[in-house]
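A.B. asks: Spelled out, the chains give:
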Amino acid sequence: MGEKAAGILSYMGAGSKLGAVVPASRLDVRPLPEMVSSGIAQLDSLCGGFPRGCLTEICGTGSSGRTSILLSALAHATEQGEVCALVDASDAFDPASAAAAGMEMNRLLWVRCGEKKSLQKDKSQKDRNKDKDFALTQKISHEKTGAHPNMPGMPARDFDLSTSWGIGQGQATEKKFGFRRWESRLSQLLKVTDLLLQSNGFGMIALDLGDIPVQSARRISLASWFRFRRAVENTPTVLLVLEQQPIAGSCSSLLVKVSGNRSQDAGKKRSTVSSQLSVIPPMLTDLAHAQLLDQLEITAELLCSRFERKLERKPVQSTRASFKSRAAWAG
Amino acid sequence: MFACIFIPDFPAQAIIRLEPELRRLAVVVLAGHAPLERVVAVNENARQMEVEPGTTKSQLEAWQNLVLRARSEAHENSAHAALLDCAQSFSPVVEDTAPDVVLLDLAGLESLLGPLPKIVHDLAQRVSEMGLEGNVAVAANPDAALLAARGFRGVTLIPQGEEGERLGDLHVDVLLESFSSDAQEATRWEEIFDRWGIRKLRSLAALPGVPVSERLGQQGIHLQKLARGAASRSLRGLEAQQVFAESVELEYPIVLLEPLAFLLNRMLEQICARLRARALAVQELHLNLELAPMQGNGCATSAKATRTFTRSLNLPIPVLDSKVFLKLLQLDLQAHPPGAPIVKVRLSANPARPRSLQSGLFQPVFPEPEKLELTLARIAGIVGEGRVGSVELLDTHREGAFVVRHFAPLEVSYLSNRVEPSSRKRKIMSLPENDSPCELEEKVAENAEENAREKMSAVIALRLFRPPLSAVVTVREAKPLRVQCAEREDVAGEIVWTAGPWRSSGDWAEQDGWSREEWDIAVSVETGLVLYRLVQDKIEGKWFIEGTYD
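Top line first, the protein sequences correspond to chains A and S. So the first sequence is residues -18 to 312, counted in our numbering. So the second sequence is residues 167 to 716, counted in our numbering.
The set of hints was computed from the structure by calculation and includes no laboratory data. Among these hints, one or two may not hold up.
[Unchecked claim] In silico lysine-lysine, DSSO-like type, Cα no more than 27 Å apart, as pairs:
#1 A/172 - S/391
#2 S/537 - A/172
#3 A/172 - S/489
#4 S/284 - S/223
#5 S/645 - S/609
#6 S/223 - S/510
#7 S/391 - S/366
#8 S/510 - S/489
#9 A/305 - S/609
#10 S/493 - S/537
#11 S/493 - S/510
#12 S/704 - S/609
Fair warning: this is a prediction, and the values are worked out from it, not measured in the lab.
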């Protein structure tokens, strides 16, 4: 039987029609998207800018420079006359910083997610219960440990707070990770993003999840990211997501990790600021303002790009680019 | 030439205009105090069922399938305004003769709007679009046009010189209804003509002038002239309307939003049709809802006075799409419910010139303004009002001083791009004169490169904590040494480096004066260094973590 099947397959493979079939991964039909400058020359040389009609992720920890990149990209887009939107899940946007970055403020739509102070509190509560973007009712996949397979100590992505976990455990987890605190904000973010993507005409839509804990951000279901990717496809919009760790999975076309320029010193990681001043004893040190905030070196690492056609395999080492920030008032 | 638009059974048609589903039914309009209500108007279907004006309400019980409606002044005012808009969309000289009659001067319009038959046809079409079924007549003088519109159904075009011939077939009653000041006088004239055996206008026109003058006076002569179609006068012009309004008085109070939306949809369609006829758009829309009196909870607090609930929509650009307005009103009413049953609805629109914009081929994409307004309204429904818009920084040193404005981005004008070369030229010319042109160009190029290099770099940004995190700070020698934040456990640690303080204060003469010291600090955490902005409120002496540099 096995020999017969192999024979049939080899016959079909030798046929003129099936022999010309090209694997989908090698199809070169789809043209490369138009790239938009990030406003930072070094970053543009690293990844060519941000692609239109695609989802781009910028991830990094606090003080890594990711917000500076975001504001720079938004400022550059608004300067070009494009209308942009910033969906601010953690309400952390600083208008003064944006103005210093050269943002055309009248072309930026700022949506502040947060506690709603309107009469529709009850309605939003109902909506929240109905919202299926969050995996509140998904089945538990790691029943024994309740832990994420790749992140020890973290809850799994597919879990159910209400059923599979005990009440005490659920409360403890809630206290530890603060899911409920961010749930309404993320729900608002998803709804607002849907509306913005449907309305068309935006040059760049940025989702700021920078202060959302990774555990909460990971609760956004992959279906939502797939929906966003499909919605932004074939549009001139750049969909930019700022986060602590990659969360969109295969839906993102470009993934850039941002960090300070780390250097190993006695087994401890130190940022560029520390490395520059390593001659000074590690004690409370006064700095001129310009020294602290100006020339902060930011390293951008290209973790994933779907536009590298020449590379058929995953590169062994990701490419990096470094650049220095400047304080707006330090010249 | 003059045209006249006449709407027969005006009270009935005014109601049908806002309730188009009644058009196929027999509608009877009643007026008067109960139980002495009488029929004042009927539509064609009711007339075919032999329902006559003057019939009492109790007599109407003999008929079946009649739709009874009370006469509505609001409906009639709206229909009359629509009729005037229709006329003014054709001619600048319009006379508001009666609620159901409008006269317009067509002199000089042929070169603009085409031949006279086309104008009349278009006029009839426009009246029909307004939801009214009217008669349109054109004659050489306004009174002949009025008689023809009242007497003949549909469209009538009377050539100059044939007025007497064409009007001769009309009954005398048409003349008396049109030109008698009151009912008693009309009855008197009717009796006179009846005694004389005059039934048609042709008979009245054929009477010799002197005997008529002797027996009926100047008024008789005037009536005879009208019957001959020979009267002549100029129109009393009407000023252009500033507000387009529609109003509806409800027989039963509306409680739910859905039936109100149906009503608003009809009114908006009418307003948009009127504005479209005048080549105008809407930039400001006002909704006035008269609410039913509040009933006290069984106690003496029965406030019987009706309350008015008003909402306004201010659009950044003029729009003429009834669906957009309806959705915006729905979203607005969902966010701000009236709170009581609605008994009267009034919708008024301030007209504006339609938006005209020359776009370039290579300009960036721009959201459709109508769609953007809807999106903004929907987003405001999700995140709350005042949490969506564009930021405007205030002219003050106070930290975090900004306002969120309605998002109304201006589309990049095609012309603005063309100004650039000349402005650049001016910049070059304004440089010192002692440099040679080549040196000037080099300097300009160097400056441009330097600016571009600086422009293509990142400015360190601040991420704010809203509200700021209160912190416990250990201070040594007036410098922060350690920071700890109770609200967030991760914001804590030894301060490795500090920069500052930067002192600022303001509004000292006001009640909300402020004074603060800012420190930029680097705190060592597991993942490296995190830069924070630490602030001490000098008035209260409290410490806050205002944000993190990122």
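A.B. asks: Output the numbers, in ascending order, of every earlier hint that fails for this structure.
C.D. replies: 1, 4, 5 and 12
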